[in-house]
Amino acid sequence: MPENTQEGFIDQQKVLDNEEYSIKNTQSIIQKAVDWFRARSMFVLAYGTGCGAIEMPPIFTSRYDIERLGVVGVATPRQADILIVSGYCSYKTLKRVIRSYEQMNEPKYVIGLGSCTINGGMYWDSYNTIKKLDEYLPVDMYINGCMPRPEALIEGFVKLQDNIRNAKSEAGYIQYRENNAFYRANQEKIFGKNTTPTFEENFAGMNQ
Amino acid sequence: MIEFLKKHYEIVEKAPRLYKLQIESDKLVEILSSVSINSNFITLSQIACTDWIEDEVFALNYILTTKERDKNLMVEVRISRVHCSLPTLLNLYPQAQVMERDLHEMYGINFRGNDTLYDFALENWNEIPPLRREFDTLAYVNEHFDFRIGREDNKDVKAEVKRRKAQAKESKDGK
Amino acid sequence: MFLDSLAMIALAYIFGFLYYGLYRNISARVHGRFGPSLAQSFFDSIKLFLKENSTNFGWMFYAGPIIMMIGAITTLLFIPYLNGSEHLVGLSQYGNLILVLYLMVLEPLGNAMGIGSNGNPFGVMGITRGLTRLIGLELPFYIAAIGLMIANHSADIGVIMTNQSEGYNAFTHPLLFIGAFISFLGFMGKSPFDVVGAPQEVYSGPATEFSGKFFAIALSQSAIFSFAKLLLMVNLFLGGAQSLVELVAKTFVLFLVAVLVGNVYARFTTAQSVEFLVRVPTGIALVGLLFV
Ligand code: SF4
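Chains as they are written, first to last, in numbering that gives the first Met the number 0: chain A, 0 to 207; chain B, 0 to 174; chain C, 0 to 291.
Isolated chain A, as found in the complex (with noise of 0.2 Å):
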């Protein structure tokens, strides 16, 4: 399969569409109940970055009502599960979201909300946003469009609901924990050595 290229990105595409394909984890009973609740209610940090977060207010009005789905919107990254980045990033962003990001508990997932969070969008050839937001976060569930339309962000939703539910797709945080060195030498590529705090530094700070 030609990769480079549009075809081979469409084709992987829908391989990864394919029910054959998809990663089916084997969940215990205890495991599939847990994941039921995760799915079941999903508090939401709304992180509105770019221009496509004024497509996020009317999910939660009346005319989408997102909370029928058991999401509903939190305050406090503390008491968050999924961090919403809603298009493009700048670098002072980036780094207010990455540190959103890391104050949540686990289990957490970021979902990447218009085509400027996948490939840069119309800010492709900005100086200033980044490009790919996998390359610092790990991302769950990505939304396209420019600006995508709630409809298509409730549509996200569901679509993770059902990747929690049945484990069809490894957790981004596990990701993030496991390959944190990928995801700091990436940021400290941007952020030079203002970077933020690392685990360990973080935990030497909990016992002082």
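Because the hints were derived from the structure by calculation, they are not lab data.
One should not assume that every hint holds.
[Claimed, not checked] Derived pair list, reagent style SDA-like, types lysine to any residue, alpha-carbon separation capped at 20 Å: (1) A:K131 - B:N141; (2) C:K212 - A:A74; (3) A:K188 - B:T136; (4) A:K188 - B:H143; (5) A:K131 - B:F144.
Everything numeric in this text was worked out from a predicted model, so none of it was measured.
Guided by the hints, dock chains B and C with the ligand onto chain A, whose structure is given.
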């Protein structure tokens, strides 16, 4: 009010209710304070900067607005691109602090007397200021980022759009 | 007695969460939405229990929610569920109304202790607001309680409850009831008295730093505590209940009024709410006290 200013300075009327005044950079503070005292152009609404790389100058337009918000006065200062430095207007207009900080970050212009010229929107920026025209954005982006596969179809679609429009028109005319 | 107490706690937990689910559902209907499922709050709390806890602010911080929980449970145990029944009485024969009123303050105090040690500015702001509001809330409620104690020559909740067989206190002492009811609306923490966790002003207020299991404990305690407050109101003013069905009906009516009021009124500021509470319900309750 504008008559008074016209008496003392060479003011050009660029458009209805838009006036322009070109001055030397060493008289900036002096003239702006006299304008703000003697006329009702009392608000500094923005500082616009243009990079004339061919003439080796930055043209800074201080845009002043009247109290009634009905007339604008552009005060243009031209400074060299190499040793770009200007006196700050903090004492006249407090809002100039943010604007000057922004200009310093985007063009590297030094405002003497403004001591808040540290990082603003660009954190940890080590290159030349990005809005100077010698800064090559595309080269910078290509050097610093790798793109996701699938970006290659980013082709010029103008010809295709033209062709389709013509086609649609033809089919319409045919009917 | 142990099983009895356990049953009381379990019932309060279930009803508290069901009522909270109902609250979300009813407000959704008021907004023209469908709202979440009735058990959504259960799901939320179970999920929170399953989350990890990654913050550490010292033991005082963790003691906060636990003290709140103890406050809620002890308050509940001293309030009998049913009128003249031998079951679901908990410790109520050993305590009285004064003790219950005293224990009700334990919750905000435990909250303050937890918040004080994490140093989050929003939490501190929230708890300061809460304690300020508490002054306003306590006054009319205490006055109404004193009125009832004088009228019944007893501070025993059971006695007050059984003495209402001729007519509910809500009708025989209407002014006391109105004063206590407005204060009760405030105790339920819904608008117009929700200055503590006002999301537009202090984010999550006192709960800002709580996460995972401790947030779940805080949620459960608030569910138990709201049921205890509903129970107390029913016992004091609506004649208690002969059976669980009656109890549910009465608490539900009270709860519905609180929810609807909360959905209609906008939020008072802290100063406004204290001023309102000190003026209107306290005044009404004082006049009611004169009639006793
Ligand atoms: S994808 Fe479009 S709407 Fe979203 S942030 Fe980027 S430019 Fe804005």
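A quick look at each hint next to the structure:
no.: 1; hint: A:K131 - B:N141; verdict: holds (14 Å)
no.: 2; hint: C:K212 - A:A74; verdict: holds (18 Å)
no.: 3; hint: A:K188 - B:T136; verdict: holds (18 Å)
no.: 4; hint: A:K188 - B:H143; verdict: holds (9 Å)
no.: 5; hint: A:K131 - B:F144; verdict: holds (9 Å)
Checked against the numbered hints above, the structure breaks none of them.
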